[in-house]
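Enquirer: Sequence:
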Amino acid sequence: MKVPGELTHNEVLGIELEVLRQKHRDLDLAISVLAEKSIDHLAVKRLKKEKLQLKDQISRLEDELTPDIIA
0 MKVPGELTHN EVLGIELEVL RQKHRDLDLA ISVLAEKSID HLAVKRLKKE
50 KLQLKDQISR LEDELTPDII A
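Here numbering that gives the first Met the number 0 is used: the first residue of the sequence shown is 0, the next is one more, and so on.
Among the hints, a few may not be true.
As the list claims (entries may be wrong) - Straight-line alpha carbon distances no greater than 27 Å define the calculated DSSO-like cross-link-like pairs of lysine-lysine that follow:
id: 1; residue 1: LYS36; residue 2: LYS47
id: 2; residue 1: LYS50; residue 2: LYS36
id: 3; residue 1: LYS54; residue 2: LYS44
id: 4; residue 1: LYS22; residue 2: LYS50
id: 5; residue 1: LYS44; residue 2: LYS22
id: 6; residue 1: LYS36; residue 2: LYS48
id: 7; residue 1: LYS22; residue 2: LYS47
id: 8; residue 1: LYS54; residue 2: LYS36
id: 9; residue 1: LYS22; residue 2: LYS54
id: 10; residue 1: LYS22; residue 2: LYS36
id: 11; residue 1: LYS48; residue 2: LYS22
Source of the hints: derived by calculation from the structure; they are not laboratory data.
Using the sequences and the hints given, assemble the complete structure.
Expert: Here you go:
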């Protein structure tokens with residue numbers, strides 16, 4: 000039974016997913032700015048790695064939220 004005011008597991012995952020997507024977009028913007036200015040290649044590489052890790056987390060959450068239906 001759901002208590003009023005409590006979020007379901009899927010609602011929590013949905014919120015986490017949106018937060019990760021926003022972080023992914025922010026990193027994409029930061030990478031673009033740093034890459035344009037060619038200031039710090041090591042920082043760009045580090046941000047790209049972090050962005051890839053976020054993408055993996057996003058994929059895992061999407062898989063958990065989307066039922067695996069075998070037709």
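Enquirer: Each hint should be assessed against the structure and marked as holding or not.
Expert: Here's how the hints hold up against the structure:
1. LYS36 with LYS47: holds, 16 Å
2. LYS50 with LYS36: holds, 19 Å
3. LYS54 with LYS44: holds, 15 Å
4. LYS22 with LYS50: holds, 8 Å
5. LYS44 with LYS22: holds, 16 Å
6. LYS36 with LYS48: holds, 19 Å
7. LYS22 with LYS47: holds, 12 Å
8. LYS54 with LYS36: holds, 25 Å
9. LYS22 with LYS54: The given pair, whose Cα atoms are some 10 Å apart, holds under the 27 Å limit.
10. LYS22 with LYS36: holds, 21 Å
11. LYS48 with LYS22: At roughly 13 Å apart (the allowed maximum being 27 Å), LYS22 and LYS48 satisfy the hint.
In summary, the structure agrees with every hint in the numbered list given earlier.
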